Amino acid sequence: METTDLIFRIVLIVVIFAISLVVAMYSTYAERKVAAFFQDRIGPNRAGPWGILQPLADGGKMFLKEEIIPTNATGFLFIVGPSLAILTACIGSAVIPWGSAIAIGGHTFDLQVTDINVGVLYIFGVVSLGVYGIMIGGWASNNKYSLLGAIRAASQNISYEISMGLSIIALLMLTGTLSLKEIAEQQHGFAWNVWRQPLGFILFLVCAFAETNRSPFDLPECETELVGGYHTEYSSMKLGFYLFAEYINMFISSAVMATLYWGGYNYPFMDNFAAWAGPNPAAIFGVVVLFGKIFFSIFFFMWVRWTIPRFRYDQLMDLGWKILIPLAIANIVLTGVISTLLK
Amino acid sequence: MSTFYFIAFLSIFFSILVISAKNPVHSILYLILTFFTFTIHYILLNAQFLAIVNFIVYMGAILVLFLYTLMLINLNKESEPVKPFMVKVAGVFGGGILAVAVASSLKLIGASNPVLLQNPDLGLVKNLGKVLFNEFLLPFEVSSVLLLSAMVGAVLLATKEKEPKAA
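Residue numbers (the numbering used here), protein chains in the order written: chain V, 1 to 343; chain S, 1 to 167.
Chain V extracted, bound-state conformation:
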């Protein structure tokens, strides 16, 4: 690997981390504004114009609050829990192609940290690892409500991982590759995968809601039954990490959904635009398009949260095991039959 390439990658990693953190930070603000809009309120409007400094104030509050570790908690694991949650949330971004290659001074750089040829499975692995942060934190708190929240999170994640994997299999049958970069390139222009896999996308979307513990699947932190769920005993920035990890997860899963199903950085008439404006502006516009898709998807997450009430626990399991899995298997069979007939 050349030095320039290495430097570019390091810069890219730092930039992507910074962007994920800023997006997560402003998602908290957006969530409150969206909630206010849906409930016909104004929302945060005190810190700065339209309240846009609110996330900074919240962050400062989180850092400065008293740090409490319960006497009977398992000290080390109590700290490992939130650290693991935020770590697994952050590392998912490594394989997402943020744009097509740009050329600077004779070098072409891919806007992707690394293109491993099992990219989809890597995302899947990181997602399945995410549950450990919640489980370890919930267990180490030594509190029955936390433990129940952690156990709910574990069973929910495992149940929905299965249908998520099955819904991706149908997509992989069409793309024939596990590399996210190649999947993004195949959807050039307007040939987005969602047109070919509508059912698969809906299944993936539902599972993404469940995996990020977003409402209506936020049973691990169901406050009417479990006080605060797995983070009942947490305070200060350790609580902040848990909340933050949820928003980063939302950002990453939106990016994955945009890449897998909504064409990633591709947009209609991109060849015409590239011919008119040159390759570099076209690539940068592709990044903007990708972020537009991601932001709409995040808005959709919030839209659902403030519209649909929470599931009951048995309904959650019924939906996962008796509806999503059979539908996902049917989707695989249908995809197989149709793609064989059309060949």
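Simulated from the structure, these hints should not be mistaken for laboratory data. Keep in mind the model is a prediction, meaning the values are calculated, not measured. A few of these clues could be false.
[Stated by the list, open to error] Listed below are the simulated DSSO-like cross-link pairs for lysine-lysine, each with C-alpha atoms no more than 27 angstroms apart in a straight line:
| id | chain 1 | residue 1 | chain 2 | residue 2 |
| --- | --- | --- | --- | --- |
| 1 | V | Lys343 | S | Lys130 |
| 2 | V | Lys343 | S | Lys126 |
| 3 | V | Lys144 | V | Lys65 |
| 4 | V | Lys144 | S | Lys22 |
[Claimed, not checked] These stretches of chain S come out as covered by chain V in the derived footprint (C-beta under 8 angstroms, 3 or more residues):
| id | stretch |
| --- | --- |
| 5 | 50-63 |
| 6 | 149-158 |
Think of the CB as a built atom: it goes at the ideal place given N, C-alpha and C, for glycine as much as any other residue.
For chain V, the structure is supplied; the task is to place chain S on it using the hints.
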């Protein structure tokens, strides 16, 4: 090579911690770390698919279930079963046999020639898929049907039976 020795050391270190940890939940957490080092071993062998599957299936699913069960049954000193004398004797005997086997295998160190793979990319998804779907198609399909039927069976068991009409 030094990476291999470092990771191998970590594997053995964490596996010893698995059996020496007092708390069963800590044991499972060390087991997770052990499996993570196995994943790194697979990557060092250029078996990317195996590495990521080990990561997803063992670390991401099976050990989550282990942890789940252990958290629920809440093992501690008071509820720990005291093993009978004969079991202890059997354990010591079995461990001794294993030690003899390991010691005798030490004699063979350096005796085997390193195996050179003809195709170093054998572990990549594409090549693995070609082997599985050409040479081992029948066993592969049979085992996948077996797994699928196990899952369908579990779902079927979970569905409520229709209550018989009251006479």
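Each hint tested on the structure:
1. Lys343(V) <-> Lys130(S): Holds: lysine 343(V) and lysine 130(S) sit about 20 angstroms apart, inside 27 angstroms.
2. Lys343(V) <-> Lys126(S): OK: lysine 343(V) and lysine 126(S) at ~21 angstroms, within 27 angstroms.
3. Lys144(V) <-> Lys65(V): Distance ~24 angstroms between lysine 144(V) and lysine 65(V) Cα, so the pair holds.
4. Lys144(V) <-> Lys22(S): holds, 22 angstroms
5. 50-63: holds (count 7)
6. 149-158: holds (count 3)
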